[in-house]
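S.K.: These protein sequence lines are chains A and B, in that order.
In terms of the numbering used here, the first sequence opens at residue 1 and continues consecutively.
In terms of the numbering used here, the second sequence opens at residue 1 and continues consecutively.
It should be emphasised that the hints constitute simulated quantities derived from the structure, not laboratory data.
There could be a bad hint or two in this list.
[Stated by the list, open to error] Under the rule of at most 30 Å between Cα atoms (straight-line distance), these lysine-lysine pairs were calculated in the DSSO-like manner:
(1) 176/B <-> 94/B
(2) 176/B <-> 129/A
(3) 129/A <-> 31/A
(4) 2/A <-> 98/A
(5) 2/A <-> 197/A
(6) 284/B <-> 176/B
(7) 215/A <-> 94/B
(8) 197/A <-> 94/B
(9) 334/A <-> 2/A
(10) 2/A <-> 31/A
(11) 31/A <-> 197/A
(12) 194/A <-> 215/A
(13) 284/B <-> 129/A
(14) 213/B <-> 94/B
(15) 166/B <-> 87/B
(16) 162/A <-> 31/A
(17) 129/A <-> 121/B
(18) 215/A <-> 284/B
(19) 334/A <-> 194/A
(20) 194/A <-> 94/B
(21) 98/A <-> 194/A
(22) 213/B <-> 121/B
(23) 129/A <-> 197/A
(24) 213/B <-> 197/A
(25) 2/A <-> 194/A
(26) 87/B <-> 176/B
(27) 87/B <-> 129/A
[What the hints assert, rightly or not] Derived Cβ-Cβ restraints for the label pairs, each shown as a range:
(28) 68/B <-> 326/A: 47 to 57 Å
(29) 68/B <-> 240/A: 43 to 53 Å
(30) 88/A <-> 136/B: 40 to 50 Å
(31) 64/B <-> 119/A: 48 to 58 Å
(32) 92/B <-> 25/A: 41 to 51 Å
(33) 102/A <-> 122/B: 43 to 53 Å
(34) 94/A <-> 92/B: 51 to 61 Å
(35) 180/B <-> 203/A: 38 to 48 Å
Cβ coordinates follow ideal geometry from the N, Cα and C atoms, glycine included.
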Amino acid sequence: MKRRDIILTSASILLLLVFINFASGNLDAYKVRILNLCAIYTVLGLSMNLINGFTGLFSLGHAGFMAVGAYTTAILTMSQVTKQQNFFLAPILPPLDKLNVPFLFALLIGGLLSAFVAFLIGAPALRLKGDYLAIATLGFSEIIRIVFTNTQRITNGALGLKSIPNTTNLWWSYGAAVITIAIMALLINSSYGKAFKAIREDEIAAESMGINLFKHKVLSFVIGAFFAGVGGGLLGSLMGTIDPLMFRFSFTFSILLIIVLGGMGSMTGTVIAAFIISSATELLRFLDQSINLGFVVIPGVSGLRMVVFSALLMIVVLFFRNGLMGTNEFSWDKIINLFQRKPLIKRRLGQ
Amino acid sequence: MTFNLFLQHLTNGVSLGSLYALIAIGYTMVYGILRLINFAHGDIFMMAVYFSFFGVATFGMPWYVSFVVAIILTCFLGMLVERAAYKPLRESPKVNILVSAIGASFLLQNLAVVVFGGRPKAFPTVNLFQQVMTIGAVSLQRLTLIIPVASLTLLFGLLFLINNTKSGMAMRAVSKDHETARLMGVDVNRTITLTFGIGSALAAIGGIMWGMKFPQINPAMGIMPGLKCFIAAVIGGIGNITGAVLGGFILGVGEIMIVAMLPSLTGYRDAFAFILLIVILLFKPTGIMGEKISEKV
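This is chain A alone, in the form it adopts within the complex:
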């Protein structure tokens, strides 16, 4: 990294800190919530992009990993009294009722457990390819959800968990987002990242270059699941309630929408798309409510928002196949060139 880039990066992180400090004090709860969602969706999007975009494994099991993270974090942070109130149908399983750890450790344990589940799933499933992998991971994610619906004494079954302590704030969510971006950037540019991309481009060629396919696929899957678990934990703590229905396939679909819109295989794209999608989810809420134009009232149609989202995904896939960024990444050089209004090619030729 050049010295200029280090200075610019530190400056922007500092700017982000100032903004978070300002936002947590001055913005209303609704806006803070949207900002939190933006950061959490960034974490979730990046974790899925590592598996689907960078390693080229079409996995549809993300909601399952998020569920593992969210439930673990919730159970580990809820107080003994809250647990008793929640589990009124059947008491919670003994060691869990007294277990209580700080939020940071709960998040990490949630992530690790999710990674462990991914390892168990990945070991058999990653031998499959393409469509079969997609449908097998989708199946595993549904199995996780069905198990969570039925383990009354651990997850409270279909009732879900309520009054989870709201620890997630802007510092937690943006901290997690920045750390995720940093770790992903280091990983993608390391030799492991290059191996992932090689597998994405051509498995047979990668294998003949001496890349251990299975090891790298499992590694990508497990790391992706870890961050999905952390993201799920943050989300559960932000929402305050979770239940198994939340983690249906449609949740995986919204994360998929983010990485397709941003560009499969671009971290920058994922970050931008995560912000666009999570703010649009809130901003388009007017579609579900009635609109008063003064002289005529258009009755709101609930569900129209989701139609817009599905149509958006179709349009992106059909007409902008590479998403917003393709596989391009953000770099300070490009930004500076943009301001100097010189095309990149000309500068290269000049050098």
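Since chain A is already given, all that's left is putting chain B on it; use the hints.
M.R.: Chain B only, in chain A's frame:
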């Protein structure tokens, strides 16, 4: 468990299995020809149920007219989905087509919420099918027997179409190799559209019978049957129509029997299909009747 009770469960299982089979045929035909999981198939099935519901409930058609109209409309819907969502992407990477299929599925589902309303509705009853009759000690709705008979008749009709007609030959040619089929004078696009039409019509018939058997209908009703029927197609060997029917029966009978024999596992009923899928994928990835696909460099 008494023998009579066992028979009762078995007929229920076979009946459910033949519904799965009808829908699974659509998956397997599309996969055979395009190598694509048609994620929207479950939602096309849901649309068919709604079409026939509105035919009877809103337009006051007699049930048989409404069912025929629903089947024709669904047929066109299937072709429309193919034209709009899959045809433009035929040459692009597989992941894009898969994403497009998922997008089409969610679009149909959400459109159904907006247009038809999200609240569950009650499918109209048709006395002819829903009368309860008693054979020996087993009492069942007529429908329970009509479903397997109808499914098997349709299966044999379809097999005849594929093996003995010109369009069927075109389908088989396209499923082997698009390029060669085109050179041999087969209209590839027409054949693919026809495949979607037939698959959707079968899903529509399955959907109408499903609606009569499980009369509560809602826009999300296509998801689970859709996934399970795809699993049925994989179990039987995807691309193979007889295999899809066999897979449907295995899944239907297995599901009913598990709930009947081990009532404590009732909550895990939906997991059974997925566990079966994973076991099959690990030990015989090409399914029971599938052909082996070798890897080409």
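S.K.: Hint by hint, note whether the structure agrees.
M.R.: Okay, the hints, checked on the actual structure:
1. 176/B <-> 94/B: holds, 18 Å
2. 176/B <-> 129/A: holds, 20 Å
3. 129/A <-> 31/A: violated, 42 Å
4. 2/A <-> 98/A: Measuring from Cα to Cα gives roughly 50 Å; hence the hint is violated.
5. 2/A <-> 197/A: holds, 25 Å
6. 284/B <-> 176/B: Holds, at roughly 22 Å.
7. 215/A <-> 94/B: Roughly 24 Å separates the two Cα atoms, so the pair holds.
8. 197/A <-> 94/B: Cα-Cα ~17 Å, so holds.
9. 334/A <-> 2/A: Holds - the C-alpha atoms of residue 2/A and residue 334/A are around 14 Å apart, at most 30 Å.
10. 2/A <-> 31/A: violated, 36 Å
11. 31/A <-> 197/A: Measuring from Cα to Cα gives roughly 37 Å; hence the hint is violated.
12. 194/A <-> 215/A: OK: residue 194/A and residue 215/A at ~14 Å, within 30 Å.
13. 284/B <-> 129/A: Roughly 14 Å between the alpha carbons, so the hint for residue 284/B and residue 129/A holds.
14. 213/B <-> 94/B: Violated - the C-alpha atoms of residue 94/B and residue 213/B are around 36 Å apart, more than 30 Å.
15. 166/B <-> 87/B: Cα-Cα ~23 Å, so holds.
16. 162/A <-> 31/A: Since the Cα atoms of residue 162/A and residue 31/A sit roughly 23 Å apart, the hinted pair holds (cutoff 30 Å).
17. 129/A <-> 121/B: violated, 40 Å
18. 215/A <-> 284/B: Holds, because 23 Å separates the two Cα atoms, which is no more than 30 Å.
19. 334/A <-> 194/A: holds, 22 Å
20. 194/A <-> 94/B: holds, 22 Å
21. 98/A <-> 194/A: violated, 45 Å
22. 213/B <-> 121/B: Distance of about 14 Å is within 30 Å: holds.
23. 129/A <-> 197/A: Measuring from Cα to Cα gives roughly 16 Å; hence the hint holds.
24. 213/B <-> 197/A: violated, 49 Å
25. 2/A <-> 194/A: holds, 21 Å
26. 87/B <-> 176/B: holds, 18 Å
27. 87/B <-> 129/A: Within the cut-off at roughly 23 Å; holds.
28. 68/B <-> 326/A: 47 to 57 Å: holds, 48 Å
29. 68/B <-> 240/A: 43 to 53 Å: For residue 240/A against residue 68/B, whose Cβ atoms are near 51 Å apart, the range 43 to 53 Å holds.
30. 88/A <-> 136/B: 40 to 50 Å: Holds, since residue 88/A and residue 136/B (Cβ atoms, about 47 Å apart) stay within the stated range.
31. 64/B <-> 119/A: 48 to 58 Å: holds, 55 Å
32. 92/B <-> 25/A: 41 to 51 Å: Since residue 92/B and residue 25/A have Cβ atoms about 48 Å apart, the given range 41 to 51 Å holds.
33. 102/A <-> 122/B: 43 to 53 Å: Hint holds: Cβ distance 51 Å, inside 43 to 53 Å.
34. 94/A <-> 92/B: 51 to 61 Å: holds, 54 Å
35. 180/B <-> 203/A: 38 to 48 Å: violated, 26 Å
Checked against the numbered hints given earlier, the structure breaks hints 3, 4, 10, 11, 14, 17, 21, 24 and 35 and satisfies all the rest.
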